[in-house]
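Protein chains: 2
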Amino acid sequence: MKKARIGIDLGGTKIYAVVVDETDKVIGKAKSPTPSGATVADTAVVMLETAKAAAKLAGVRFSAFKNIGVAMPGAVTENSDLVFGAHNLGWNGVPAKAEFEKWFGKPVALGNDVNCGVLAEARLGAGKGAETVIGFFMGTGLGGGVVLNGKLLTGSHGLAGEFGHVIIRKNGRQCSCGHKGCLEAYASKVGMAAKFQELINNRGEKSLLTEYIAGDFSKLKSSALAKAYKAGDKVTMEVLDKAAYSLGLGAASVAAVIDPDRIVFGGGVIEALGKKLMSFIRKGFDEHLFALRPEQIELTVSELGDDAVALGATLL
Amino acid sequence: MKKARIGIDLGGTKIYAVVVDETDKVIGKAKSPTPSGATVADTAVVMLETAKAAAKLAGVRFSAFKNIGVAMPGAVTENSDLVFGAHNLGWNGVPAKAEFEKWFGKPVALGNDVNCGVLAEARLGAGKGAETVIGFFMGTGLGGGVVLNGKLLTGSHGLAGEFGHVIIRKNGRQCSCGHKGCLEAYASKVGMAAKFQELINNRGEKSLLTEYIAGDFSKLKSSALAKAYKAGDKVTMEVLDKAAYSLGLGAASVAAVIDPDRIVFGGGVIEALGKKLMSFIRKGFDEHLFALRPEQIELTVSELGDDAVALGATLL
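So the sequences go chain by chain: B and W.
Throughout the first sequence, residue numbering follows this note's numbering, covering 1 to 316 in sequence.
Throughout the second sequence, residue numbering follows this note's numbering, covering 1 to 316 in sequence.
Next comes chain B alone, as it looks inside the complex (with noise of 0.2 Å):
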């Protein structure tokens, strides 16, 4: 019998489950449509379902796993007894492990979706080599994660790694949590849509992008952005650039707190426009980093994409 392993990354969307064999290889992977507004136990069937068509494709006999990895959004740490904040699922406050238990007959261990993706990137993909690595992930918000010697930092209560709410600016923009001056509110899909639209809709700049996302900015996809960034439009790498120097900035902050020897840069964007962007962040990162030595520490593009989540969960 081969000692695979087993994780799935729970989304607002989709639910993956990927199986790995014992040199973190994926042999099998099944993906289904996220159930829209269910209840615990009923999601659970359903990643039960994906869980076992990954397990076959593998080759694997989904009884032979003695634990499962669940990668989902919210506060979550391996042993939570209530998971708070998962909004994307509509839960708030719910026995997810207890419930997610009993469905699967075996343990299942529990992590934040975003830092399970720094935990797979800083051991099997970007940060493979490093100690201590820390990365920002670029998506609709910005999420992050902490990694120390190959182990995720929770913290207290589930909520280490939320780098899209540390403050680059007393006083700044407005973020959709409520406060103020949040990196998130710079370097996020959810931040740019809102600089675009200053720019676009109020001082009447023109703009590839508005044609690219039908003048919807609600749907910043990072394919038009990318796509509006290679075409050489004006505003799009205006705010881009000053959304990645922001990034820079911040990730000079956590930095000097978590003191990291690699960190690593992910997302959609970052993906797709890696050396060009990673130009402004170094530059927002060195402008702001305190060190002794800054060479020491390397910044790098995620490798992992999509399957970043997944493999993280069978990491925990």
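Read the hints as simulated data drawn from the structure, not as lab findings.
None of these values were measured; they are calculated from a predicted model.
Just so you know, not all the hints are guaranteed correct.
Identical chains blur together in the list; that is why a pair holds if it fits in one copy or across any two.
As the list claims (entries may be wrong) - Quick list of in silico lysine to any residue cross-link-like pairs, SDA-like style, CA-CA up to 25 Å:
#1 K25 - T300
#2 K283 - D261
#3 K234 - N171
#4 K283 - S156
#5 K180 - E298
#6 K180 - K242
#7 K170 - K276
#8 K128 - S80
#9 K227 - L316
#10 K170 - T300
#11 K170 - K234
#12 K66 - K106
#13 K283 - L316
#14 K221 - T34
#15 K242 - Q174
#16 K283 - G85
#17 K151 - G129
#18 K14 - G90
#19 K275 - A193
#20 K230 - S63
#21 K276 - N171
#22 K180 - E238
Assemble the complex: chain B is given as a structure, and chain W must be docked to it using the hints.
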């Protein structure tokens, strides 16, 4: 033979050695002035004498200590080969550990001084009983530390917990480190001195402080600040209250990274004005903390005073 331990606080002006018993109670202590501009070897000789004096008062033979903890400024981890950035000792890139071990004739564990102070508070002082503790010490600069399950986070280069260089305002006040917008530029004696000079010298505001410090803002003593504050001096209250608010904002930023269950605030001014400043720290914190259940993080004032750093050294 008692199971005693010894720690040395090697500061820019004094060397302070403490001996504790197995219950962490101080049973002997001794002080010497730090030899000015001395080499590591010459300093080690004075440290050894001081340590022996503390041991004698404690009734413990120096040869009975298995090892010695040394807390010092700069970028240091327990096993640093070279210590960088110990500027107030005039050392940069020195083999402190090897030199100390040669003179002491036993293993030496090194730690950053402020980190050690936070470690002691976390295990023996205001952080006792908590799982994840961060500490902010406001003195000439602003230092900090992270303690996870009783263990110090040193980071990859001995620079973890440098909370003074978390950026709280993009393009903000100039910091002595060369960057802009660092927390230290707002919440430290150096940062406050700049603000006092602006208000008193440039804008002509009147303050009791001018008299207390004889007009020399480079020597802003905590005692003078506390005295002026308690006397109701408007300028002093305004500057200190704002610094405390900024400190709370910075603590919220760091909490988004670490997710602690307790935060300890220390340093002369904060210890002297405790409750008064804590209300402003709390305001800055509450207005910026990303949390699902904010009441889960406790804010406290340090308890160990001047002994903290040396006590932390005994715990390395």
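Evaluated hints:
1. Proximity of K25 to T300 under the C-alpha cut-off of 25 Å is restricted to the intra-copy arrangement: shortest distance 22 Å within a copy versus 47 Å between copies.
2. For the identical chains of this complex, K283 and D261 are intra-copy neighbours only, at 18 Å inside a copy versus 34 Å across copies, given an alpha-carbon limit of 25 Å.
3. With identical chains, the CA atoms of K234 and N171 are at most 25 Å apart between copies only, with a shortest distance of 24 Å across copies and 28 Å within one.
4. With identical chains, the CA atoms of K283 and S156 are at most 25 Å apart between copies only, with a shortest distance of 22 Å across copies and 33 Å within one.
5. Proximity of K180 to E298 under the C-alpha cut-off of 25 Å is restricted to the inter-copy arrangement: shortest distance 22 Å between copies versus 30 Å within a copy.
6. Taking identical chains as interchangeable, the C-alpha atoms of K180 and K242 lie at most 25 Å apart whether they share a chain (18 Å) or sit on different chains (17 Å).
7. Proximity of K170 to K276 under the C-alpha cut-off of 25 Å is restricted to the inter-copy arrangement: shortest distance 22 Å between copies versus 28 Å within a copy.
8. Proximity of K128 to S80 under the C-alpha cut-off of 25 Å is restricted to the inter-copy arrangement: shortest distance 23 Å between copies versus 28 Å within a copy.
9. Taking the closest pair of Cα atoms, K227 and L316 never come within 25 Å of each other, the shortest separation being 36 Å inside a single copy and 53 Å across copies.
10. With identical chains, the CA atoms of K170 and T300 are at most 25 Å apart between copies only, with a shortest distance of 23 Å across copies and 28 Å within one.
11. Taking the shortest Cα distances, K170 and K234 sit within 25 Å of each other only across copies (23 Å), while inside one copy they are farther apart (28 Å).
12. Proximity of K66 and K106 under a CA criterion of 25 Å is satisfied intra-copy only: 7 Å inside one chain copy versus 47 Å between copies.
13. When the C-alpha separation of K283 and L316 is checked against a cutoff of 25 Å, the pair qualifies neither within a copy, at 34 Å, nor between copies, at 37 Å.
14. With identical chains, the CA atoms of K221 and T34 are at most 25 Å apart within one copy only, with a shortest distance of 20 Å there and 60 Å across copies.
15. For the identical chains of this complex, K242 and Q174 are neighbours both inside a copy (17 Å) and across copies (21 Å), given an alpha-carbon limit of 25 Å.
16. Proximity of K283 to G85 under the C-alpha cut-off of 25 Å is restricted to the inter-copy arrangement: shortest distance 23 Å between copies versus 34 Å within a copy.
17. Taking the shortest Cα distances, K151 and G129 sit within 25 Å of each other both inside one copy (13 Å) and across copies (23 Å).
18. When the C-alpha separation of K14 and G90 is checked against a cutoff of 25 Å, the pair qualifies only within one copy, where the shortest distance is 14 Å, while the shortest distance between copies is 58 Å.
19. Taking identical chains as interchangeable, the C-alpha atoms of K275 and A193 lie at most 25 Å apart only when both belong to the same chain, with a minimum of 22 Å there against 42 Å between chains.
20. Taking the closest pair of Cα atoms, K230 and S63 never come within 25 Å of each other, the shortest separation being 48 Å inside a single copy and 69 Å across copies.
21. Taking the closest pair of Cα atoms, K276 and N171 come within 25 Å of each other only across two copies (23 Å); inside a single copy the shortest separation is 30 Å, beyond that limit.
22. Within a single copy, K180 and E238 get their C-alpha atoms as close as 22 Å, and across copies as close as 22 Å, so both meet the 25 Å cut-off.
Consistency note: the structure conflicts with the earlier hints numbered 9, 13 and 20.
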